[in-house]
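There are 2 protein chains.
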Amino acid sequence: MIDRSSLQTGQQVRRACRRGELTEQTAGLAPGLAQANLVILPDELAFDFLLFCRQNPKPCPLLEVIEAGSPIPKTVAAEADLRTDLPRYRVWENGELVDEPTDIRDRWRDNFVSFLIGCSFTFEAALLRAGVPIRHLETNVTVPMFRTNIPCSPAGIFQGPMVVSMRPLKSSDAIRAVQITSRYPAVHGAPVHLGLPAQIGIADLARPDFGETVEVHDDELPVFWACGVTPQAVVMAVKPPLVITHSPGCMFVTDVADETLAVG
Amino acid sequence: MIDRSSLQTGQQVRRACRRGELTEQTAGLAPGLAQANLVILPDELAFDFLLFCRQNPKPCPLLEVIEAGSPIPKTVAAEADLRTDLPRYRVWENGELVDEPTDIRDRWRDNFVSFLIGCSFTFEAALLRAGVPIRHLETNVTVPMFRTNIPCSPAGIFQGPMVVSMRPLKSSDAIRAVQITSRYPAVHGAPVHLGLPAQIGIADLARPDFGETVEVHDDELPVFWACGVTPQAVVMAVKPPLVITHSPGCMFVTDVADETLAVG
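Top to bottom, those sequences are chains A and B.
Using my numbering, the first residue of the first sequence is number 1, and each one after it goes up by one.
Using my numbering, the first residue of the second sequence is number 1, and each one after it goes up by one.
Note that these hints are calculated values from the structure, not bench results.
Even glycine gets a Cβ: it sits at the ideal position worked out from N, Cα and C.
Certain hints may be false.
[Stated by the list, open to error] In silico PhoX-like cross-links for lysine-lysine, where the CA-CA straight-line distance does not exceed 25 Å:
hint, chain 1, residue 1, chain 2, residue 2
1, B, Lys239, B, Lys170
2, B, Lys74, A, Lys58
3, B, Lys239, A, Lys170
4, B, Lys170, A, Lys170
5, B, Lys239, B, Lys74
6, A, Lys74, A, Lys58
7, A, Lys170, A, Lys58
8, A, Lys239, A, Lys74
9, B, Lys74, B, Lys58
[Said to hold, decoys possible] Computed beta-carbon distance windows for the label pairs:
hint, chain 1, residue 1, chain 2, residue 2, range
10, A, Glu93, B, Gly264, 24 to 34 Å
11, A, Val98, B, Leu128, 52 to 62 Å
12, B, Arg54, A, Gly32, 50 to 60 Å
13, B, Glu215, A, Asn149, 17 to 27 Å
14, A, Ala237, B, Asp209, 44 to 54 Å
15, A, Asp43, B, Arg129, 56 to 66 Å
16, B, Ala27, A, Arg207, 26 to 36 Å
17, B, Asp209, A, Gly131, 42 to 52 Å
18, A, Ser153, B, Leu97, 36 to 46 Å
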């Protein structure tokens, strides 16, 4: 097992993935640096998906798009290779999960376009710095996520409901959380809803569609952010012949400081 | 009756008050300019009250303090006189309302210190510009206000609970309202609470302590802002021999553009 505390920079994390030494989730690694969701699509779907992201910036905030033929990001990381530098991938054929490899060099095709999408780790770090507690981190579970009745703006073949993540917060912390996460539009930005889950089609907070359950106390409001699972769910619904994504929690660690993604 | 549409500038409103032609509330007059709450105290209470305002900036955001001996603001309005330029005043003796004159020249004393405190009209205008509806304006009633269990930070003889105003909003509008009003710390700033009135000691939203009742729909959250009634309530609780305030809704209209009070 690799010593996770030795992975302080983006390059250290990426090299450990490349050497096969890191095959687990990346939360907490390279603190202060932004991590990213990954979606790799064949180029015939790329325009529709790019348009979908542009039209749905809250669930799909793009950090970088890497054009067909190259697995090498140009802006968010140096000397990186998207085929090797994540701990683990998911390979989807016709909408079904067929493999979870730690390397996709043998599956790479020259017509693949890669999308790096902002991840909530960045705004969670900002919330923690401001003293706003985050229940799923305290209880060491995956954030609960829910399909909503909020439709994404459709683009080409892509359409579907927004998926949201939920964090229970006291009212004063919810107000702070709106202020803080508004500064991070590149990582989902301000909440999309708070307080009234039935209004967005969520019947039972104890039964998330993805992730794990966290308790909502009587003195707390459920606060909902657009979630990076949305683009994956939308892509999978179309059942393309081949799509590759990161494995949940096994993100691409960039060289971009969280704070450079803040506005204001 | 004066034609209210003729009152477009701060000076036009103040002159109409001075001539005795405007004796009613100022909402909607001189659009785009900030209006202010007024508290006039004898100088022996002035330090404690100034400290109270400094320590409680959300309910008591000071726009200007005018030192003893002068009723003439130096910064927020030109050629103004606080003794004549409001439509109507309230005179309080030993904590009891004894008069509601339209002019306080005959009651002015050389040891009076005047405090001009930001008013929610400024942030309401910003909310309306952003398309956030405000129920009490739609139904043409006074905003409902409630005593809370949130203690103000005490200063000298002044202490007491924060008074809040309540505006019911759909969740998405509540999130926008946090963002928008956060830009206006000089006029109460971000909400102090939303969603869970019992948490701040409010038992029944249908029974405000001040102002009038507005309906909260099933798809709405009650959103609470610190209220300029707080300093008045705190001062009255001390029952000073003589205090003068504006009459509710009859504000001092400044020359300060609402937008110059915005940050960010």
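Now the hints, each set against the structure:
Simply put, Lys239 of chain B and Lys170 of chain B have alpha-carbon atoms about 40 Å apart, too far for the 25 Å limit, and the pair is violated. Between Lys74 of chain B and Lys58 of chain A, the direct Cα distance comes to roughly 46 Å. Violation of the 25 Å bound is thereby established for this hinted pair. With a C-alpha separation of about 36 Å, the suggested pair Lys239 of chain B and Lys170 of chain A falls outside the 25 Å cut-off, and the hint is violated. For the hint linking Lys170 of chain B to Lys170 of chain A, the alpha-carbon distance of about 18 Å falls within 25 Å, and the restraint holds.
Of the supplied pair hints, the one linking Lys239 of chain B and Lys74 of chain B is violated, its CA atoms being roughly 29 Å apart against a limit of 25 Å. A distance of roughly 23 Å separates the Cα atoms of Lys74 of chain A and Lys58 of chain A; the hinted pair therefore holds under the 25 Å criterion. Proximity of Lys170 of chain A to Lys58 of chain A is assessed by CA-CA distance (about 23 Å); at most 25 Å being required, the pair is judged to hold. About 29 Å separates the Cα atoms of Lys239 of chain A and Lys74 of chain A, which puts this hinted pair outside 25 Å; it is violated.
Of the pairs offered as hints, the one joining Lys74 of chain B and Lys58 of chain B holds, with about 23 Å between alpha carbons and a cut-off of 25 Å not exceeded. Between Glu93 of chain A and Gly264 of chain B the CB atoms are about 48 Å apart, so this pair departs from the stated range of 24 to 34 Å. For Val98 of chain A paired with Leu128 of chain B, a C-beta distance near 54 Å keeps the hint of 52 to 62 Å intact. Taken as a hint, the range 50 to 60 Å is violated for the pair Arg54 of chain B and Gly32 of chain A, whose Cβ atoms sit roughly 35 Å apart.
For Glu215 of chain B paired with Asn149 of chain A, a C-beta distance near 24 Å keeps the hint of 17 to 27 Å intact. Checked against the hint of 44 to 54 Å, the pair Ala237 of chain A and Asp209 of chain B passes, with Cβ atoms roughly 52 Å apart. The hinted window of 56 to 66 Å between Asp43 of chain A and Arg129 of chain B is violated, with their beta carbons roughly 43 Å apart. The hinted window of 26 to 36 Å between Ala27 of chain B and Arg207 of chain A is violated, with their beta carbons roughly 47 Å apart.
Hint check: Asp209 of chain B to Gly131 of chain A, Cβ distance near 31 Å, so the stated range 42 to 52 Å is violated. Taking the beta carbon of each, Ser153 of chain A and Leu97 of chain B are about 56 Å apart, not inside 36 to 46 Å as hinted.
Checked against the numbered hints given earlier, this structure breaks hints 1, 2, 3, 5, 8, 10, 12, 15, 16, 17, 18; the rest are met.
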